[in-house]
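Student: As a plain string of letters, each chain reads:
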Amino acid sequence: MQQLFYFIRKFRYFLLFIVLEILALFFTIQHHSFHKSKFVNSANFLSGGIYKKVNSINEFFNLKTENQILSEENTRLKNLLEKKKINLSSENITVIDTSQYFQKYEYISAKIINNNFTKRNNFLTINKGSKHGLVPDLGVINSKGVIGITKNTSPNYATVLSILNSSSKLNVRLKNSNHYGTLIWNGKDYNITQIADIPRQAIIKIGDTIITGGRSAVFPEGINIGVIKDFKFENSQYQEINVLLFNDMSSIGHVQIIKNLQKTEQINLEQSSANE
Amino acid sequence: MNNLLLNNTLRFIGLVLLQVLVLNHINLFGHINPMIYIVWVFLFPVRKNKSLFLILSFLLGLTVDLFSNSGGINASATLFIAYFRLPILKAVLKKSDFDNILFNLRAIPFPKAFLFILILTIIHHFIVFSLEYFSFNAYSEIIYNTILTSVFTIIISILGIILFTKKK
Numbered sequence: 001m002q003q004l005f006y007f008i009r010k011f012r013y014f015l016l017f018i019v020l021e022i023l024a025l026f027f028t029i030q031h032h033s034f035h036k037s038k039f040v041n042s043a044n045f046l047s048g049g050i051y052k053k054v055n056s057i058n059e060f061f062n063l064k065t066e067n068q069i070l071s072e073e074n075t076r077l078k079n080l081l082e083k084k085k086i087n088l089s090s091e092n093i094t095v096i097d098t099s100q101y102f103q104k105y106e107y108i109s110a111k112i113i114n115n116n117f118t119k120r121n122n123f124l125t126i127n128k129g130s131k132h133g134l135v136p137d138l139g140v141i142n143s144k145g146v147i148g149i150t151k152n153t154s155p156n157y158a159t160v161l162s163i164l165n166s167s168s169k170l171n172v173r174l175k176n177s178n179h180y181g182t183l184i185w186n187g188k189d190y191n192i193t194q195i196a197d198i199p200r201q202a203i204i205k206i207g208d209t210i211i212t213g214g215r216s217a218v219f220p221e222g223i224n225i226g227v228i229k230d231f232k233f234e235n236s237q238y239q240e241i242n243v244l245l246f247n248d249m250s251s252i253g254h255v256q257i258i259k260n261l262q263k264t265e266q267i268n269l270e271q272s273s274a275n276e
Numbered sequence: 001m002n003n004l005l006l007n008n009t010l011r012f013i014g015l016v017l018l019q020v021l022v023l024n025h026i027n028l029f030g031h032i033n034p035m036i037y038i039v040w041v042f043l044f045p046v047r048k049n050k051s052l053f054l055i056l057s058f059l060l061g062l063t064v065d066l067f068s069n070s071g072g073i074n075a076s077a078t079l080f081i082a083y084f085r086l087p088i089l090k091a092v093l094k095k096s097d098f099d100n101i102l103f104n105l106r107a108i109p110f111p112k113a114f115l116f117i118l119i120l121t122i123i124h125h126f127i128v129f130s131l132e133y134f135s136f137n138a139y140s141e142i143i144y145n146t147i148l149t150s151v152f153t154i155i156i157s158i159l160g161i162i163l164f165t166k167k168k
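Listed in order, the protein sequences are those of chains A and B.
Under the numbering used here, the residues of the first sequence are numbered 1 to 276, in order.
Under the numbering used here, the residues of the second sequence are numbered 1 to 168, in order.
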């Protein structure tokens with residue numbers, strides 16, 4: 001026993017080093033697995049608060065572009081509304097179908113207060129949290145396309161797993177056919193992501209639009225992502241499909257968080273059928 | 001003693017804020033963000049009580065991690081260079097023992113101070129990028145990023161040390 005104490009005293013400096021290093025590696029490895037990183041993230045009052053303060057200054061300089069984007073989106077939505085009116089007026093018979101009044105998706109508006117896009121694994125911080133109804137695993141988009149999925153939440157802030165992250169795997173499909181694939185990122189260029197697992201019978205061309213697939217319960221189907229920039233077709237397999245994103249990931253401000261109100265229903269149903 | 005404590009506390013807070021608010025968003029040539037906060041490790045006085053230094057270095061890295069959402073990558077790398085700072089300093093100066101309390105990075109000749117900073121920076125950056133990519137396949141990216149980022153970290157940290165510390 002005495003020898004043990006002697007040993008600890010003699011190597012206490014080294015032991016402290018080892019213990020702290022193991023702790024640091026524990027945080028790192030835990031951070032790599034999607035659902036477990038509870039300790040070290042920027043959705044806390046200290047870093048969230050500081051980022052919020054700094055962002056309120058930065059925001060001032062981006063007012064012009066933000067206004068431009070909002071006005072463009074307004075125009076797009078007004079055009080959609082006009083189309084709807086024509087459709088309604090052409091139908092003379094009004095069908096009351098209550099199932100259509102049940103809302104499936106709810107949108108919450110939020111603002112990015114910290115943006116990363118240069119690292120291998122990028123996370124964003126937004127200024128809404130569990131107080132505003134946010135939970136992990138919600139889709140985050142803006143007017144141009146998909147941004148990511150919420151990861152951790154605190155009362156006032158939340159972190160978002162960006163699509164520019166090695167853990168991000170998004171279900172996507174081609175706009176002109178029903179072939180599905182997975183959106184991944186190889187870490188090289190923040191404007192370009194890749195698609196994997198596209199079946200070889202899919203016909204793709206440069207310039208084809210990629211949209212969200214809607215197979216998962218996170219994103220509704222048909223949200224824009226990007227266009228195909230180039231691809232390789234070797235050994236009768238698609239090897240490398242590069243997608244140029246519609247979003248400029250280096251400059252994103254206001255975002256919408258998508259809450260799927262029927263998510264639990266869908267997941268419960270899927271689980272119960274998987275268990276049978 | 002009090003002056004020393006205040007100095008190191010202010011340097012800790014100042015470097016963390018500089019790192020997370022300014023330097024993490026520089027993106028030179030698209031993706032280079034110098035990591036200046038390790039200057040704190042270079043400048044911390046060499047003392048007998050090394051445990052405090054290890055714990056503080058760990059906390060320094062962890063604070064940067066907290067802001068940049070990177071798990072424990074920076075904590076692990078900063079702790080590593082904090083542990084190996086004294087052996088490397090001894091090897092660079094070719095002395096087995098030296099006056100601990102009076103250690104000042106400005107007082108030792110520039111080539112030796114440069115070598116000391118170079119070795120620690122490269123080790124630190126290599127650990128950071130290895131843990132960030134977390135894959136043996138990405139060794140070319142890891143080495144490329146380590147070297148490029150080290151160059152800018154070293155330039156800025158040497159300029160910072162010359163400008164903001166007193167020469168004895």
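In case anyone wonders, no lab produced these hints; they're calculated from the structure.
Possibly wrong hints are sitting among the right ones.
As the list claims (entries may be wrong) - What follows is a list of derived Cβ distance ranges for each label pair:
| hint | chain 1 | residue 1 | chain 2 | residue 2 | range |
| --- | --- | --- | --- | --- | --- |
| 1 | A | PHE26 | B | ARG47 | 26 to 32 angstroms |
| 2 | B | ASN104 | A | ILE18 | 51 to 57 angstroms |
| 3 | A | ASN176 | B | LEU21 | 42 to 48 angstroms |
| 4 | A | GLU221 | B | TYR144 | 36 to 42 angstroms |
| 5 | A | LEU70 | B | HIS25 | 43 to 49 angstroms |
Said to hold, decoys possible - Covered stretches of chain A (in silico footprint by chain B; criterion: 3 or more residues with CB under 8 angstroms from a CB of chain B, positions within the stretch not fixed):
| hint | segment |
| --- | --- |
| 6 | 21 to 28 |
| 7 | 44 to 51 |
| 8 | 119 to 132 |
| 9 | 205 to 218 |
C-beta atoms are modelled at their ideal positions from N, C-alpha and C, and glycine is treated no differently.
Student: If a hint holds in the structure, say so; if it doesn't, say that too.
Tutor: So, going through the hints one by one against the coordinates:
1. Between PHE26 (chain A) and ARG47 (chain B) the Cβ separation comes to about 28 angstroms, which falls inside the hinted range of 26 to 32 angstroms.
2. For the pair ASN104 (chain B) and ILE18 (chain A), the supplied restraint of 51 to 57 angstroms is violated, since their beta-carbon distance comes to about 30 angstroms.
3. Under the hint 42 to 48 angstroms, the C-beta atoms of ASN176 (chain A) and LEU21 (chain B), about 45 angstroms apart, fit the expected range.
4. Our hint of 36 to 42 angstroms for GLU221 (chain A) and TYR144 (chain B) holds, since their Cβ atoms are close to 39 angstroms apart.
5. LEU70 (chain A) and HIS25 (chain B) have their C-beta atoms about 24 angstroms apart, which leaves the hinted 43 to 49 angstroms range violated.
6. Chain B is given as covering the segment 21 to 28 of chain A, and this holds because 7 residues of the stretch bring a CB closer than 8 angstroms to a CB of that chain, at least three being needed.
7. With 5 residues bearing a CB less than 8 angstroms from a CB of chain B, the segment 44 to 51 of chain A meets the requirement of three and the coverage assertion stands.
8. For the segment 119 to 132 of chain A, the proposed coverage by chain B is satisfied: 5 residues have a C-beta within less than 8 angstroms of a C-beta in that chain, meeting the threshold of three.
9. Coverage of the segment 205 to 218 of chain A by chain B is violated. Counting CB-CB distances below 8 angstroms, 0 residues qualify, and the rule asks for three or more.
Of the hints listed earlier, those the structure fails to meet are numbers 2, 5 and 9, in rising order.
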